[in-house]
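Enquirer: Below are the chains, spelled out letter by letter.
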Amino acid sequence: SQQGEEDPQALSIQEGENATMNCSYKTSINNLQWYRQNSGRGLVHLILIRSNEREKHSGRLRVTLDTSKKSSSLLITASRAADTASYFCATGLDTGRRALTFGSGTRLQVQP
Amino acid sequence: NAGVTQTPKFQVLKTGQSMTLQCAQDMNHNSMYWYRQDPGMGLRLIYYSASEGTTDKGEVPNGYNVSRLNKREFSLRLESAAPSQTSVYFCASTGLGRSNQPQHFGDGTRLSIL
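For the protein sequence lines, the chains are A and B, in the order given.
When the letters of the first sequence are read in order and numbered with our numbering, they come out as residues 1 to 112.
When the letters of the second sequence are read in order and numbered with our numbering, they come out as residues 1001 to 1114.
Hints are computed from structural coordinates only; laboratory data are not their basis.
No false leads were mixed into what you were given.
Taking lysine-lysine pairs in the BS3-like style, the calculated list, with each CA pair at most 30 Å apart, reads: (1) B:K1057 / A:K26; (2) A:K69 / A:K26; (3) B:K1057 / B:K1071; (4) A:K70 / A:K56; (5) B:K1057 / A:K70; (6) A:K26 / A:K56.
One-sided excerpt, in silico: chain B residues whose CB lies under 7 Å from chain A: (7) M1041; (8) L1045; (9) F1105; (10) D1107.
We put the beta carbon where it would ideally sit given N, CA and C, even for glycine.
In isolation and in its complexed conformation, chain A is listed as follows (with noise of 0.2 Å):
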């Protein structure tokens, strides 16, 4: 089963709204990732925050964290067309374990 499930599935935004998209995972963990994939390609790595951290910011990118919830957020302030793509959340466990487990994504359309 999946550690972590995003939602929504789906979100179709104007360009310049911004768009919200939440993780929530099962087990304690050492970091969370997000992931951007492009239709055909595959994932490039946006951000990752450790488990100690509550807040991160890369650019038009904001991660939060709440490990009490056991989720996540990732906000895309003032979206572009080009932001159009699928999003993942994925987790790194506690455990020593050393891969990492994806979510199912949300799918993120930016309509210009």
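Position chain B relative to chain A; hints supplied.
Expert: Just chain B now, with coordinates in the frame of chain A:
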């Protein structure tokens, strides 16, 4: 830099045929991974190699074998392809082999099994 290169990009097989998917990275990374991605789902880990000479099973290893040929290359083999293995396969790598490092992905191999 090419990053992570996967070959082939597309392949159609018949049930029962075998094939090897190739992956190579030029970032001097220690760890490499194979995932499959099915429609509407995230990536599921098939196998990974934390370092040269080691391989470990992931979430969905049945029907697959892997070889870490050297530090650069990690191949995935389907010995007897089944329609359930129709998927997009992604290879990834990371430097230190820990789950708190970003992974770098190839562009995938789209595999159809008839």
